[in-house]
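Residues per chain are reported as follows:
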Amino acid sequence: MHDMTRRNFFDVAAARGRCLQYRRRILDISQQVQALHIGSAYSCTEIVDAVYHGLMRHNQDGTSPDTFLMSKGHGCMILYVILEDMGVLSREDLDLYCKPNGRLGCHPDYGNPGIEASTGALGHGLSMAVGMALAERGRKTNGTIYTVLSDGEVQEGSTWEAVLMASSLGLPNLVAFVDNNDFQSLGRTSETHPSFYPLVEKFEAFGWECAEVDGHDSAAVFAAVDRRRGGRPFMLVGKTTKGKGISYMENVPIWHYRSPSPQEYVQGKAELEAASAS
Amino acid sequence: MRNTFSEALYKAATANPDVYIVVADISPAGSMGKFRDQYPDRFINVGVAEQSMIGICAGLALKGCQPFAYTIATFSLYRPFEMVRDDLCYQNLSVTVVGMGAGVIYSTLGGTHHTQEDIAIAGALPNMQIIAPCDPAECAEATTYCATQKNGPVYLRLGKAGEPNFTDKAADPWTFGKLRYIKRGTDICILSYGVIMQKAMQLAARFEAQGKSVSVVSCHTLKPLDVEGIRDALRRHGQVIVIEEHAPQGGLAPRTKQIAWDMQARCRLDTFTLQDAFIHNYGSHDDLLAAHGLEVGAIAAQVGA
Numbered sequence: 001m002h003d004m005t006r007r008n009f010f011d012v013a014a015a016r017g018r019c020l021q022y023r024r025r026i027l028d029i030s031q032q033v034q035a036l037h038i039g040s041a042y043s044c045t046e047i048v049d050a051v052y053h054g055l056m057r058h059n060q061d062g063t064s065p066d067t068f069l070m071s072k073g074h075g076c077m078i079l080y081v082i083l084e085d086m087g088v089l090s091r092e093d094l095d096l097y098c099k100p101n102g103r104l105g106c107h108p109d110y111g112n113p114g115i116e117a118s119t120g121a122l123g124h125g126l127s128m129a130v131g132m133a134l135a136e137r138g139r140k141t142n143g144t145i146y147t148v149l150s151d152g153e154v155q156e157g158s159t160w161e162a163v164l165m166a167s168s169l170g171l172p173n174l175v176a177f178v179d180n181n182d183f184q185s186l187g188r189t190s191e192t193h194p195s196f197y198p199l200v201e202k203f204e205a206f207g208w209e210c211a212e213v214d215g216h217d218s219a220a221v222f223a224a225v226d227r228r229r230g231g232r233p234f235m236l237v238g239k240t241t242k243g244k245g246i247s248y249m250e251n252v253p254i255w256h257y258r259s260p261s262p263q264e265y266v267q268g269k270a271e272l273e274a275a276s277a278s
Numbered sequence: 001m002r003n004t005f006s007e008a009l010y011k012a013a014t015a016n017p018d019v020y021i022v023v024a025d026i027s028p029a030g031s032m033g034k035f036r037d038q039y040p041d042r043f044i045n046v047g048v049a050e051q052s053m054i055g056i057c058a059g060l061a062l063k064g065c066q067p068f069a070y071t072i073a074t075f076s077l078y079r080p081f082e083m084v085r086d087d088l089c090y091q092n093l094s095v096t097v098v099g100m101g102a103g104v105i106y107s108t109l110g111g112t113h114h115t116q117e118d119i120a121i122a123g124a125l126p127n128m129q130i131i132a133p134c135d136p137a138e139c140a141e142a143t144t145y146c147a148t149q150k151n152g153p154v155y156l157r158l159g160k161a162g163e164p165n166f167t168d169k170a171a172d173p174w175t176f177g178k179l180r181y182i183k184r185g186t187d188i189c190i191l192s193y194g195v196i197m198q199k200a201m202q203l204a205a206r207f208e209a210q211g212k213s214v215s216v217v218s219c220h221t222l223k224p225l226d227v228e229g230i231r232d233a234l235r236r237h238g239q240v241i242v243i244e245e246h247a248p249q250g251g252l253a254p255r256t257k258q259i260a261w262d263m264q265a266r267c268r269l270d271t272f273t274l275q276d277a278f279i280h281n282y283g284s285h286d287d288l289l290a291a292h293g294l295e296v297g298a299i300a301a302q303v304g305a
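Read top to bottom, the protein sequences are chains A and B. Numbering of the first sequence is given in our numbering, commencing with residue 1 and proceeding in unit increments. Numbering of the second sequence is given in our numbering, commencing with residue 1 and proceeding in unit increments.
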């Protein structure tokens, strides 16, 4: 029954429009607060969009048999604006982001609408996703668990515990993404930790089916997951750009966290508007 | 205790297909073999990977299951502490973290395998419940509670194997969150929990040989603590003694003193705990407890038994 609500193709033009809209919304919200991890959200915008609008199945009542867990909790602005777009979170929820009478903060909290797990500390999400996938298998409810990890998070030993366990358990209903923007707080990962790469081969050596695509190519993200062979967990390494979409943010680590100044906001807005018009 | 834990969990898993056990390369004995054979999909061995043990339990619980995480207490609580805090307590998930062989039971394995601070650590976490049964019979009751409750996470502090039962003829039934009088007296009250209850019983016997009337109480639920029950014990007895296999900070002893101070209790109050020190010598469980003064003769000498 669920499959009937699953999209058979992915409308790339629509995805592009949504992603621009989401970036604009996040940029607007950035003017309400001092910090919101804008670069981290822009980095995984296309990936999370493809999960919600392409890969997850949706029932007519708005529920889904599938689950999305934002393991890189600091990227949650993209999750918030997608949930707002879907009507799961309200405009007021986002207007009150990080405010005393609001319920949404810089990291997602379980219990808020659409938030399936509390994350923020890195290296927690994949194990929880494994547990969720196990529960789906045990109950024969066949839900697929989608989760997005940051590349910095892949340095956590706990992530590798979960990587080992997911494939050892042979969980076909677990799909993970690495938002591989090659940046972490103190620099480029390829420079600070050269042995971090290659990534795909590492996951494959741990028994996962794995692919690597341009993480800002919505069609490629969707297709890689949609056409996976299956039978075991799937990892998609998305090559991404931190701060993607606004020139002065791209690959500049300070945008991991800070909010644009009013002048920077105007410039960023103009760039996004220009991209919309093109 | 391990065996009764296994039997109780097997029964719970038979009654409820959402009961899971996630172990970290350590398996309880007894009926766990039956569990494993009959419900192989619900017996998950993560290997030596305690962080994922807790995270996987959290994921199961987020989907409505009732999981138990099981390994030696140091590895179930200390190693994956942030997962216990964030995944279980912050999200308030009904996951039971079983700390097996807590205290200094693993006497010859050295300080890396001792759990002297677990009540303090688990007790500092919001939403965490803590249960430390004193004998195998209480362990069965506690396990059944854990397998059916939906209040949030539990740290279940267990002994090892071969403990005697003290509660067969207990004055009270086991009730979560309530002190349990194993025997009721009028002169002296001994408060304790966990496997060191054996020393409480031996101390009580010494007092009784002097003709004194002694209460022995299992304070099996350390959090939420039965504060009113402790107030009542402090009011009703002229002498109250706390014996616990735990550091002097954050356990039953300082809590009882705090309650006594707050109510301006008039009874004599003596507390006996492990010291604020690691133990570097070896020997039996009793040898290690004695090294920190937890020996019946030494306690008796100080309390007039």
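Check each hint, because a few of them may be wrong.
Claimed, not checked - Listed below are the simulated EDC-like cross-link pairs for lysine to aspartate or glutamate, each with C-alpha atoms no more than 20 Å apart in a straight line:
| hint | chain 1 | residue 1 | chain 2 | residue 2 |
| --- | --- | --- | --- | --- |
| 1 | B | LYS183 | B | ASP168 |
| 2 | A | LYS202 | A | GLU156 |
| 3 | B | LYS178 | B | GLU141 |
| 4 | B | LYS160 | B | ASP18 |
| 5 | A | LYS140 | B | ASP41 |
| 6 | A | LYS140 | B | ASP18 |
To be clear, the hints were calculated from the coordinates, so they are not data collected in a lab.
**Request:** Verify the proposed pairing of B/LYS178 with B/GLU141, using a straight-line Cα cut of 20 Å.
**Result:** 13 Å, holds
**Message:** Between the alpha carbons of A/LYS140 and B/ASP18, is the straight-line distance 20 Å or under?
**Reply:** 12 Å, holds
**Request:** Decide if the proposed pair is consistent with the structure: B/LYS183 and B/ASP168, CA atoms, cutoff 20 Å inclusive.
**Result:** Satisfied, since the Cα-Cα distance of roughly 11 Å is no more than 20 Å.
**Request:** Starting from A/LYS140, check that the Cα of B/ASP41 is at most 20 Å away, please.
**Result:** 12 Å, holds
**Request:** Take the C-alpha atoms of B/LYS160 and B/ASP18, compute the straight-line distance between them, and say whether it is at most 20 Å.
**Result:** With Cα atoms ~26 Å apart, B/LYS160 and B/ASP18 exceed 20 Å; violated.
**Request:** Mind checking the alpha carbons of A/LYS202 and A/GLU156 for me, to see if they're no more than 20 Å apart?
**Result:** 14 Å, holds
In this structure, the one hint that does not hold is number 4.
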